[in-house]
Every structure is written in C-alpha cells, then in structure tokens.
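Engineer: If you read the protein sequences in the order shown, they are chains A and B. Under the UniProt record's numbering, the first residue of the first sequence carries the number 1, and numbering increases by one thereafter. Under the UniProt record's numbering, the first residue of the second sequence carries the number 1, and numbering increases by one thereafter.
Don't read these hints as lab results, they were simulated from the structure. The reader is advised that the hints may include incorrect statements.
If you only want the chain B side, here are some residues facing chain A, beta carbon under 7 Å, derived [what the hints assert, rightly or not]:
id, residue
1, Gly-83
2, Trp-84
3, Pro-85
4, Pro-86
5, Trp-171
Some chain A residues flagged as far from chain B (calculated, every beta-carbon gap over 12 Å) [said to hold, decoys possible]:
id, residue
6, Pro-175
7, Glu-199
8, Lys-253
9, Ser-364
10, Leu-444
11, Phe-568
Here are the simulated lysine-lysine pairs, PhoX-like style, with alpha carbons at most 20 Å apart [as the list claims (entries may be wrong)]:
id, chain 1, residue 1, chain 2, residue 2
12, B, Lys-129, A, Lys-190
13, B, Lys-122, B, Lys-188
14, A, Lys-251, B, Lys-136
15, A, Lys-427, A, Lys-476
16, A, Lys-224, B, Lys-129
17, B, Lys-122, B, Lys-167
18, B, Lys-111, B, Lys-122
Quick reminder that beta carbons are idealized off the backbone N, C-alpha and C, glycines included.
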Amino acid sequence: MNYFPDEVLEHVFDFVTSHRDRNAVSLVCKLWYRVERFSRERVFIGNCYAISPERVIMRFPGLKSLTLKGKPHFADFNLVPHDWGGYVQPWIEAFAKSRIGLEELRLKRMLVSDESLELLSRSFANFKSLVLVSCEGFTTDGLAAIAANCRFLRELDLQENEIDDPSGHWLSCFPESCTSLISLNFACLKGEINLAALERLVARSPNLKSLKLNRAVPLEMLQKILMRAPQLVDLGTGSFVHDPDSETYNKLKATVLNCKSIRNLSGFLEVAPRCLPAIYPICLNLTTLNLSYAAGIHGSDLVKLIRRCVKLQCLWILDCIGDKGLEVVASTCKELQELRVFPSDPFGVGHAAVTENGLVAISSGCPKLHSLLYFCQQMTNAALETVAKNCPNFIRFRLAILDPTKPDPVTMQPLDEGFGAIVRSCKRLRRLSMAGLLTDQVFLYIGMYAEQLEMLSIAFAGDSDKGMLYVLNGCKKLRKLEIRDSPFGNAALLTDVGKYETMRSLWMSSCEVTLGGCKTLAKKMPRLNVEIINEHDQMDIGPEDGVRVDKMYLYRTLDGQRKDAPEFVWTL
Amino acid sequence: MERAVNYGGDDLNLEATELRLGLPGSDGLEQKQSSPAGVRTNKRASPDVAEESRSKSNNNSVVSDAGNGGRDTAPPPKAQVVGWPPIRSFRRNSFQAKKTHEADGAGMYVKVSMDGAPYLRKVDLKLYKSYPELLKALEHMFKFTIGEYSEREGYDGSEYVPTYEDKEGDWMLVGDVPWDMFISSCKKLRIMKGSETSSLGCL
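Turn these sequences into a full structure, and let the hints guide you.
Structural biologist: Now the structure itself:
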C-alpha cells in the first residue's frame with residue numbers, strides 16, 4: 001500500500017464510513033493515520049468531556065459533521081442534576097474560531113443556550129443540519145436565529161427536547177429565500193405555531209421529505225400541508241381531531257390518497273379515533289409507526305390500524321395495546337425488527353399493561369426482531385426462555401418491569417435463568433437492560449456468554465460484589481456500564497481498575513462504594529475523571545472516607561479534570 | 001380483616017388512632033400485608049425518600065381507613081422510586097400534562113334534541129373549538145339555520161335557538177359563557193323553535 005499515492009488511499013477510505021472502521025484504519029500506520037485524518041468528514045464523540053474541542057479541530061481539519069453526547073444516560077431518568085454539565089458552547093466557540101466548515105451538528109443530552117444557537121447560526125456559512133435530542137437550556141429564540149441565518153439549512157430535527165416557547169414567531173424567521181429544507185421536526189414544541197408561515201414554508205420547500213408537526217397544528221392545516229407536499233416520506237401529525245362528517249375531513253381523505261411516499265408515520269398527539277380512517281391508505285406501505293405519544297388511540301381503533309400495517313419494520317407503541325393487541329402485531333407485522341412498548345400509565349394502578357404473554361407472542365410471530373424495549377407488569381423465566389429460543393438475533397434487549405424487583409410471579413424465583421437464556425442464545429447482543437428480581441447468578445451468565453455486550457444497565461439487582469466482578473471480568477467489549485441501587489462496593493470497583501480505560505464510562509448510584517474507594521480509584525488512574533455528585537450536602541461536614549457515595553460517574557478522558565463542573569460535582 | 005373500631009363508643013380503641021412510624025402490621029395489628037415492592041432479599045432498602053413517605057402515609061391510611069380494613073381494600077400506592085420506570089423526562093412530563101387535560105379520545109358526547117325532529121342525535125363537543133364551529137355542525141346535522149348571536153338579543157330573529165342544560169339543570173342560551181366553561185358544564189343540547197323562546201324570559 002506504500003506505493004499508492006495519497007489520493008488513492010483517500011479514495012479507498014471514502015468507502016470506509018463507520019466511525020469504528022475509520023478509527024481502526026487510522027491505527028494501521030502513520031501514513032494511514034495522516035491520510036485518514038485529513039479526509040475525515042464525520043466525527044462522533046460519545047462523551048464531550050473525553051477530549052477538548054481544540055484537539056478535535058487539530059486532528060480533523062476537514063471536519064464537516066460533529067456528533068456530541070453530554071450527560072450520562074441516567075440523566076434521562078432525573079438522576080443527574082440539570083446543571084451537571086455538557087455545555088455545547090465551548091465547542092461552538094472553538095469551532096467558530098477555527099477554519100472548520102461545520103455543516104452538521106448532532107447533540108444528545110447537552111445543555112444548549114440561545115447564545116450557542118445564535119453563534120452557531122452566524123459562524124458557519126454552509127451549515128446544513130442541526131439535530132438535537134434530549135437537550136435543554138434553549139428557547140424558540142435560538143431556533144429563530146437558526147432559521148434566520150442558516151441560508152442553506154436542510155435539516156432541523158428536534159427530538160424530545162424541553163424547549164421554552166416564549167414566542168411562536170421562529171417559523172416566520174425562515175426567509176423567503178430559504179427553499180432548501182429537507183427535514184423539519186418540531187413535534188416537541190409546546191407552544192403555538194404561526195400556521196400561515198408554516199404553510200408558506202412547506203410550499204417553498206420542494207425537497208421536503210420529513211415533516212413532524214406539534215400539537216398546535218390542527219387537522220385543517222395538515223390537509224393543506226399534505227396538498228403542498230405530497231412527496232413526504234416521513235410524517236408526524238399534530239392534532240388529529242375533527243368532525244369526520246365535515247368537508248375538511250373529506251378533503252383530507254382525498255389528499256392522503258395522493259401521498260404515496262409516506263413510509264414513516266408518527267404524532268397523533270391529540271386524536272379523535274373516528275378520524276383515523278383517513279390514514280388507512282397509508283398504512284399498507286408503512287415501515288415505521290410511532291404511536292408512543294398517541295394516548296388517544298387504543299382498543300379496537302388501535303387494532304384496526306395495526307392490522308393494515310403489514311410491512312411494518314419498526315413499531316413504537318403504548319402498553320395500552322395489551323397482550324391481545326401484541327398478538328395482532330405478531331400475526332400482522334412479519335417484517336418487524338424493532339419494537340418499543342412504553343408505559344401509558346406509569347404511576348397508576350396499572351390495569352392497562354402488557355405481560356410476558358405479549359412478548360412471547362411477538363417473539364413467535366416476528367422472527368426478524370432484533371431490538372426491543374419492553375415495559376411490562378411482569379415477566380417469567382419461562383417466557384424469557386421461549387423468547388430466547390424464538391429470537392436469537394437480538395442486538396438490543398431492554399426490559400423494564402413497573403415494579404423493579406418483581407420475581408417470576410409463577411415460580412416466585414428470580415429472573416436469572418430467563419436473562420441467562422437470552423444472553424446464551426443471542427450471541428450478537430450489544431445492549432442489555434434488565435429488571436425484576438435478580439441475583440449474582442445472572443451476572444455470572446452475562447460474564448460468561450455476553451461476549452459482544454457493549455452497554456449494560458443494572459437496577460436493583462445482585463447480592464454482592466461478585467455480581468459486578470463477573471461482568472467486568474467477562475464482558476471484554478463492555479463500553480458503558482450503569483448501575484443503580486445495587487449492593488456493589490469498593491471491592492468490585494477496585495479489583496480491575498485498568499478496565500475502565502477500555503470503557504467510555506461507569507455510573508454507580510445508590511450502591512455501596514465509599515468516598516475512600518473512589519479516591520483510591522482516582523489516584524490509581526489519572527486518565528479517568530472520577531466525579532462524585534453530591535446534591536444533598538451529606539458530605540458538608542468534613543467528608544469521611546467511609547461515607548457511602550450517592551452518585552459516582554467516571555469516564556476516561558484525554559482532557560483532564562473538567563473546568564466547568566458545578567459546585568456539587570467533585571472530581572477526585 | 002376488620003378490626004372493630006368505635007370512634008364514639010366505650011371502647012376508644014386508642015391503638016387504631018395512634019400514629020406510628022412502622023409499617024402497618026409491625027405491632028400485631030391483624031392487617032394482611034403485601035410486601036411493598038416484590039420480594040426483597042438481601043438488598044438494602046431503597047434509600048429514596050418517596051418510599052419512606054409512602055410507608056408513613058400508609059400508616060395514616062390505617063388510621064383513617066380503619067373502618068374498611070386499612071390498606072387492604074384499596075391497592076397500595078405504587079412505590080414512587082426516583083427515576084423508575086426508566087422513561088425519559090420529556091415523556092414523563094407529557095404524562096403529567098396529559099393528566100391535567102381531559103382524557104384524550106374519550107370524547108364528550110352530549111344528546112341534541114331538536115323540536116319537531118323524530119329522534120335525537122349526539123355530538124362530540126371535543127371536536128369543536130368554538131361556538132361558530134359547533135353551531136355550523138348543528139345546522140349541518142339538522143338542516144336548519146341559526147341567526148347571529150348577540151349578547152343583548154340572543155338569537156333574535158332566528159327560527160331556531162340553541163339552548164343547553166347545564167350541570168345545575170338549568171336551561172341556558174348557547175353562547176353566553178366562554179367556550180371552555182360551556183363544554184365543561186353542558187349536559188345536553190336542545191334546539192328550540194323560535195316561538196318557544198319567549199318562555200326563556202328575559203333575554
């Protein structure tokens with residue numbers, strides 16, 4: 001390969017697109033490292049504190065697309081204070097000062113301010129795509145800046161962000177000259193929308209393929225939008241409420257018939273079930289259906305809808321579908337690859353939920369299933385063993401039981417054997433979340449069989465340090481480990497400290513590790529940041545090493561202790 | 001399961017009204033007790049504050065519900081463990097919001113009668129966002145026309161007048177109160193023939 005000019009190598013590397021493959025390529029030799037870094041356009045940084053923006057800029061001067069993740073995963077469940085960190089501002093500042101021609105920014109669980117969005121919008125002439133997932137700290141004023149200043153904007157995708165909506169004018173900030181939009185998703189916005197501006201925007205965006213509306217967009221407007229954009233592939237409805245006997249509704253029915261490209265459907269944030277027949281014609285070709293926010297569709301209306309979706313590959317649904325509804329899914333959706341069943345009534349008495357029977361039905365009807373997120377009332381070992389036999393192809397398997405330490409209700413045994421069957425059978429398993437009554441035994445199985453496991457989430461499980469040690473010793477590819485409310489302590493934490501440099505991060509909360517244990521770890525491993533989150537002033541009076549640590553988050557980093565940690569976060 | 005409790009009798013039964021911090025049943029009260037959250041073996045008790053306050057509140061319910069056997073009749077409140085079930089805050093918050101609105105999709109059907117029509121109809125008030133929308137739908141449904149509404153004259157000049165029965169059983173003119181107040185108080189609708197409206201008294 002040394003005889004090829006750099007351009008040829010570069011051309012070959014063009015075909016190497018995945019981050020991991022490119023990382024591997026860069027390790028082969030100095031020449032390849034050099035060629036790779038100059039030709040790299042997309043960079044993924046799973047932990048924004050693992051490296052400084054300056055180093056990224058230095059290494060990849062041709063960077064066009066940056067993906068950053070901030071807070072640890074358990075921040076999703078209110079276990080991390082809002083101002084823990086994960087600010088995007090320093091990244092945008094650094095990139096703005098450099099000569100990087102940033103075109104795409106994808107952020108997850110980061111703190112984003114209106115100032116950051118404003119700076120972003122003004123600093124990169126060719127900026128094309130902004131994707132924000134589970135971020136917060138900004139308002140629609142920041143969106144207005146993006147709309148107004150990014151002349152070639154193609155994508156604005158907002159997924160499940162908490163956004164303050166002081167004024168609904170941001171949509172009007174897209175200039176008349178902006179005709180490049182391909183994807184616009186504002187479903188998570190709570191406030192009103194300038195409907196006329198929305199219609200005009202859609203009318204002048206001939207390349208619009210993906211549009212997800214928020215609750216404030218009524219059915220009449222949906223009809224007008226679909227008239228303007230029959231080429232949509234990806235549609236999220238807003239409010240889907242109207243009088244089914246009205247002229248507007250009839251117009252919608254006719255318009256929908258013209259939308260032959262829709263393959264992904266979501267929304268129904270507000271819905272009158274009698275209006276659903278209007279979308280029946282789309283169902284036949286759907287590959288993705290997300291009804292996880294459509295609490296208004298249940299019972300027979302839901303089943304009628306699902307029966308038409310024979311080509312479905314990805315389904316997100318609420319547990320009010322029930323086991324019976326899942327049986328319909330199993331008999332209808334033979335191409336199903338991903339299923340997520342969310343709780344519709346997480347704090348209620350739970351009569352509308354699914355059990356192990358629904359999952360068993362799915363496993364026998366949908367052999368291509370490889371990704372699962374399942375919130376259920378209960379689970380049995382027998383069911384898990386059946387599922388393991390029916391679906392050996394799981395890559396992601398996440399189970400959550402509404403009562404987190406519930407045993408197998410039939411045998412009153414822990415669910416060790418069931419999950420053991422899953423890891424034994426699913427040799428390609430990369431991500432696992434478990435729930436229910438679990439002892440050290442399940443971790444023994446995981447350590448023994450889950451060879452490809454990269455991410456493991458543990459809650460209320462295990463009996464002793466042995467459990468955690470089985471996992472740390474056995475799972476060679478482990479990257480992220482997050483544990484809450486489990487009896488693992490210093491012995492488990494400190495037995496193999498080198499392991500943590502092979503991982504992205506470790507989270508432990510409400511476990512048995514003590515301040516002393518964390519200090520010891522921090523001392524031995526200078527290239528780890530060991531952070532203690534100390535919210536409740538429990539350590540105010542001269543912290544003693546024997547005190548149990550409530551929340552610990554450690555991660556490998558090349559950047560040393562972070563400088564933006566708030567006062568309740570101590571880096572040891 | 002019941003303990004005889006006489007609040008005003010000779011047997012004051014002070015024990016039943018005594019506030020304690022233990023779980024009910026821990027001092028010999030014959031309360032059947034389901035274990036709080038499944039079988040917990042060697043795990044340390046969840047440190048969450050919510051759990052503790054739950055057992056305290058259950059104790060209070062022993063006091064106030066002693067007449068019906070305390071915790072056993074109503075299902076125990078689910079242990080509100082912080083961050084469980086593991087759903088994203090955005091989704092969690094959208095549930096709280098939903099609970100404050102009325103139940104989605106349930107519809108708010110009320111009967112509509114029209115003087116002279118052989119049978120009644122039903123409309124879903126939730127389909128409409130304002131009076132004009134509702135009135136247009138009624139006109140469409142029954143094939144008639146209503147005139148303009150004015151605060152002073154009502155629907156003066158119309159052959160038909162829309163009225164409704166409110167929660168207190170009174171017959172009211174449609175249009176007087178704000179829309180949201182109307183849909184939360186309207187029990188049924190009646191489209192009266194104009195000649196009858198003189199009986200509505202002062203308009």
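Engineer: Which earlier hints turn out false for this structure, listed by number in ascending order?
Structural biologist: Number 5 only.
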